[in-house]
Amino acid sequence: MKILYLILLLNIFPFIALSQEDRTYNIVGIVADSIDKKGISFATIVIIRLPGKSIEKQMAVQADGKFDLLLKSTGEYALAVSSLGYKTVSENFTIKENHFFYDLGTIIINTNSIELNSINIIAEKPLVKIEADKLISVSYTHLRAHETVLDLVCR
Numbered sequence: 097m098k099i100l101y102l103i104l105l106l107n108i109f110p111f112i113a114l115s116q117e118d119r120t121y122n123i124v125g126i127v128a129d130s131i132d133k134k135g136i137s138f139a140t141i142v143i144i145r146l147p148g149k150s151i152e153k154q155m156a157v158q159a160d161g162k163f164d165l166l167l168k169s170t171g172e173y174a175l176a177v178s179s180l181g182y183k184t185v186s187e188n189f190t191i192k193e194n195h196f197f198y199d200l201g202t203i204i205i206n207t208n209s210i211e212l213n214s215i216n217i218i219a220e221k222p223l224v225k226i227e228a229d230k231l232i233s234v235s236y237t238h239l240r241a242h243e244t245v246l247d248l249v250c251r
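For the sequence shown, the positions run 97 to 251 when our numbering is used.
Misleading hints may appear alongside valid ones.
Stated by the list, open to error - Think about it this way: if two alpha-carbon atoms lie no more than 20 angstroms apart in a straight line, the pair counts; the simulated EDC-like pairs of lysine to aspartate or glutamate are:
{"#": "1", "residue 1": "K162", "residue 2": "E187"}
{"#": "2", "residue 1": "K168", "residue 2": "E152"}
{"#": "3", "residue 1": "K149", "residue 2": "E187"}
{"#": "4", "residue 1": "K168", "residue 2": "E193"}
{"#": "5", "residue 1": "K134", "residue 2": "D160"}
{"#": "6", "residue 1": "K192", "residue 2": "E172"}
{"#": "7", "residue 1": "K134", "residue 2": "D199"}
{"#": "8", "residue 1": "K149", "residue 2": "E172"}
Hints in this document: simulated from the structure, not taken from any laboratory. These numbers were taken from a predicted model, which means no experiment stands behind them.
Produce the entire structure from the sequences given, and follow the hints as far as they go.
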């Protein structure tokens, strides 16, 4: 009797294993600039599973701005796109059971320009001048604008 159960189990096991195939959902799209509508190279994409806000996948887009990624489960997700010099954009989308391909289209991101304050660079003449075997302090001398240290030594 035990042998009969074992044979039955071994015959059913392959069918059970094959019926549980891995389903993957393909997500594609393009990340583009808002000004010239060209793809932004190597922007960062983060897929966040909602409502728990856990990071499901993170990747960089290709050089032409296109991305193609695989997710393993259905549900609600948020897509966050960021790149240096651009504002971060977030879009929500839902993966349904019988749809295995999702085209998110072109995701437009705007530039984020920051203007810096001016910087003043001030140079001062050195207080000590070093020449071959001579150390000359020029901090308390009365050099005229067109004179050099050699003129001071010759005086």
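Mind checking the alpha carbons of K149 and E172 for me, to see if they're no more than 20 angstroms apart? 10 angstroms, holds
Taken at face value, is the distance from the CA of E187 to the CA of K149 at most 20 angstroms? It holds: about 13 angstroms lies between the C-alpha atoms, which stays within 20 angstroms.
Does the alpha-carbon distance linking K192 and E172 stay inside the 20 angstroms limit? 9 angstroms, holds
Holds or violated: K168 and E193, Cα atoms, limit 20 angstroms. Status holds; Cα separation ~11 angstroms.
For the pair we were handed, K134 and D160, check the Cα-Cα distance against 20 angstroms. With a Cα-Cα distance of about 8 angstroms, the restraint between K134 and D160 holds, given a limit of 20 angstroms.
Within a Cα-Cα threshold of 20 angstroms, do K134 and D199 meet the stated pairing? 18 angstroms, holds
Next pair to validate is K168 with E152; report whether the Cα-Cα distance is within 20 angstroms. 10 angstroms, holds
Assess, step by step, whether the Cα of K162 is no farther than 20 angstroms from the Cα of E187, and give holds or violated. Roughly 16 angstroms separates the two Cα atoms, so the pair holds.
When each numbered hint is compared with the structure, no violation occurs for any of them.
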